[in-house]
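Colleague: Chain residues, written in single-letter form:
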Amino acid sequence: MSKGSGDGGVVFHAGFPNAAEDEKFGSLSLDSLVVQRRASTFFWHLENEVPELLWPSGSILVVDRSLQLAEGSVVVAVYADEFVLTRFHNKKPYRLNGSLVDGEITIWGVVTYCLQKVS
Amino acid sequence: MYAHIDCNNFFASCERLFRPELENKPVAILSNNDGCIISRSAEVKALGIPMGIPLFKVQPIVRSEGVVLFSANFELYGDISERIVGLLQEITPLIEVYSIDECFLDLSELHITNLSIWAKNVQKQIQREVGIPVSIGVGPTKTLAKIATSYAKKHEGIAVLDTGEIRRQVLEGLAVDDVWGIGWRTAPKLRERGITNAWQLISASNSWLRQYFNIAGMRMVEELRGVSCLQFGDKHEKRQSIMVSRAFGHKVREFHQLESAAASFATRAAAKLRKQGSVCSKIVVYLTTSRHDEQIRSVSKSARLPEATADTGRIISTALTLLDELYDPGFSYQKVMVTLLDIVDRQAWQLSLTEPAPNRTAHEQLMDSVDALNSRYGAGTVWHAVEDKGGARWQSKHAYRSQRYTTQLSELPRVRG
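If you read the sequences in order, they're chains A and B. 33 is the number of the first residue of the first sequence in my numbering; add one for each residue after it. 194 is the number of the first residue of the second sequence in my numbering; add one for each residue after it.
Please note that a few of the clues may not be correct.
[As the list claims (entries may be wrong)] Pair ranges (Cβ atoms, derived):
(1) B/Q558 x A/I92: 32 to 38 Å
(2) A/N80 x B/I359: 32 to 38 Å
(3) A/R70 x B/G374: 33 to 39 Å
(4) A/G104 x B/G241: 48 to 54 Å
(5) A/S131 x B/D370: 54 to 60 Å
(6) A/I92 x B/S292: 28 to 34 Å
(7) A/G135 x B/E258: 24 to 30 Å
(8) A/D63 x B/F448: 40 to 46 Å
(9) A/N80 x B/L534: 50 to 56 Å
(10) B/S562 x A/I92: 25 to 31 Å
(11) B/S292 x A/E136: 33 to 39 Å
(12) B/D355 x A/I92: 44 to 50 Å
(13) A/S131 x B/I231: 30 to 36 Å
[As the list claims (entries may be wrong)] Using 25 Å as the maximum straight-line C-alpha spacing, the simulated SDA-like pairs for lysine to any residue come out as follows:
(14) B/K313 x A/L101
(15) B/K313 x A/G135
(16) B/K317 x A/T144
(17) B/K528 x B/P606
(18) A/K149 x B/P606
(19) B/K313 x A/I139
(20) B/K218 x A/G135
(21) A/K124 x B/Q320
(22) B/K313 x B/N217
(23) A/K149 x B/K313
(24) B/K317 x A/K149
(25) A/K123 x B/R609
(26) B/K218 x A/I137
[What the hints assert, rightly or not] On the chain B side, residues computed to face chain A include the following (Cβ under 10 Å):
(27) G279
(28) L280
(29) G324
Since the hints were made in silico from the structure, they are not lab data. Built from N, CA and C at the ideal position, the CB exists for glycine as well.
With the hints as extra help, turn the sequences into a complete structure.
Modeller: Structure representation (structure tokens):
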């Protein structure tokens, strides 16, 4: 409690209000950051290291199927019945080591985040 | 107008989403115990393998045609289903979830200029965002919308029965036997009187039809005529009974194994009960041998609880008392079922006069914590001591189950860089 004097010289007592009484704060959730659309967002496990992007093996990739391709998008794609990461430059698909993908690919979804373990 | 959205070969489509090499290959899903075929891709249907057939009966063709089998993976299917529902809820809140792979939408609040184009866009959006192919039927009643969907499945996945012309054409092509709600007993009688298709049915007079139909049947006829009579929405969203059962992977004779199975089913039933905010006051346990056994024992017994509850402990202990009374050691059992009945809202329960009131809030809090832990860390994180964990014999066979790609961090789909 503190004692003070208001403008009109009236003495009042004030304590710190407990904000939590009026408002309930939820705890932070990473979902609210990385899951922009629940219907179309999927998590993937990265099977090997991607040195070009500094992504370690075992990273969790967040993939949103609702997004449109943009220049430089990294996508999960189906190539020869396998899931592989592909990057788009000038609307052409490249493997992450820079080689142009030769053959038909289907885009599964656009990678939006890479979650990696640091320690 | 109403729209009916039906996922094509839903379980098989969920599996294909993460196994693209199975596109255009025959895929079949097996029931809980790997016993029967419960979902078939178009290729499996084309092989003439019927729905619901026991696997052993079609094993030769399954082998020779290379049908890819999956054990039912309901965690995956349930999650994909929720995604589709979530997407449809963005379109309109007037949605009725009819089953795991079917929804109705009430389109009356939407301003749609071209229903066909609208349906095509919804179909495309679900395919793109969730990855599941669907068929969409639109009609002035729920019944007509559902009929439109089955017509759509043969015609590019979209059908709109908005004009009298197309409605007549579709109804003429629909045999009375296939009309939603006409039983196998009524259909032959109608045929005898020259009514073979749905159009002839709705052209008959009401006074004539009343010979064959009760009120529910007459309502169905009105629905076919385009007059909406069925309730919309989840009016009966809260279940009136909750049943959990599985057939065992092997025959079970030992009481302690039956006991752990029954306890586990009671636990799951109680969790479902709490999830819908209800309590129950009656429990039924059903115990049976296989129908194919020489000595058949198929028995059930019910008990009324002294007061309505959703408490796992009380539900387990009542179920086990019943099981004990039903058990005869001279038989090997195939199945246990636990059913909760007399279900009411948590707030509406009656206090029992004969039993002292327990500290209900403490009970409720405990149960809420149990449910929260189980939902965060996976079903079975916290359990009552009698539920047996780890390779119990009663646990269902699921030899071909795929990963739970969307609900378990340890089972995510994998991609190479």
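Colleague: Look at each hint and say if it fits the structure.
Modeller: Hint check results:
| no. | hint | verdict |
| --- | --- | --- |
| 1 | B/Q558 x A/I92: 32 to 38 Å | 34 Å, holds |
| 2 | A/N80 x B/I359: 32 to 38 Å | 54 Å, violated |
| 3 | A/R70 x B/G374: 33 to 39 Å | 35 Å, holds |
| 4 | A/G104 x B/G241: 48 to 54 Å | 50 Å, holds |
| 5 | A/S131 x B/D370: 54 to 60 Å | 59 Å, holds |
| 6 | A/I92 x B/S292: 28 to 34 Å | 32 Å, holds |
| 7 | A/G135 x B/E258: 24 to 30 Å | 28 Å, holds |
| 8 | A/D63 x B/F448: 40 to 46 Å | 45 Å, holds |
| 9 | A/N80 x B/L534: 50 to 56 Å | 54 Å, holds |
| 10 | B/S562 x A/I92: 25 to 31 Å | 28 Å, holds |
| 11 | B/S292 x A/E136: 33 to 39 Å | 36 Å, holds |
| 12 | B/D355 x A/I92: 44 to 50 Å | 47 Å, holds |
| 13 | A/S131 x B/I231: 30 to 36 Å | 44 Å, violated |
| 14 | B/K313 x A/L101 | 22 Å, holds |
| 15 | B/K313 x A/G135 | 29 Å, violated |
| 16 | B/K317 x A/T144 | 22 Å, holds |
| 17 | B/K528 x B/P606 | 34 Å, violated |
| 18 | A/K149 x B/P606 | 18 Å, holds |
| 19 | B/K313 x A/I139 | 21 Å, holds |
| 20 | B/K218 x A/G135 | 21 Å, holds |
| 21 | A/K124 x B/Q320 | 23 Å, holds |
| 22 | B/K313 x B/N217 | 22 Å, holds |
| 23 | A/K149 x B/K313 | 42 Å, violated |
| 24 | B/K317 x A/K149 | 36 Å, violated |
| 25 | A/K123 x B/R609 | 21 Å, holds |
| 26 | B/K218 x A/I137 | 19 Å, holds |
| 27 | G279 | 5 Å, holds |
| 28 | L280 | 4 Å, holds |
| 29 | G324 | 6 Å, holds |
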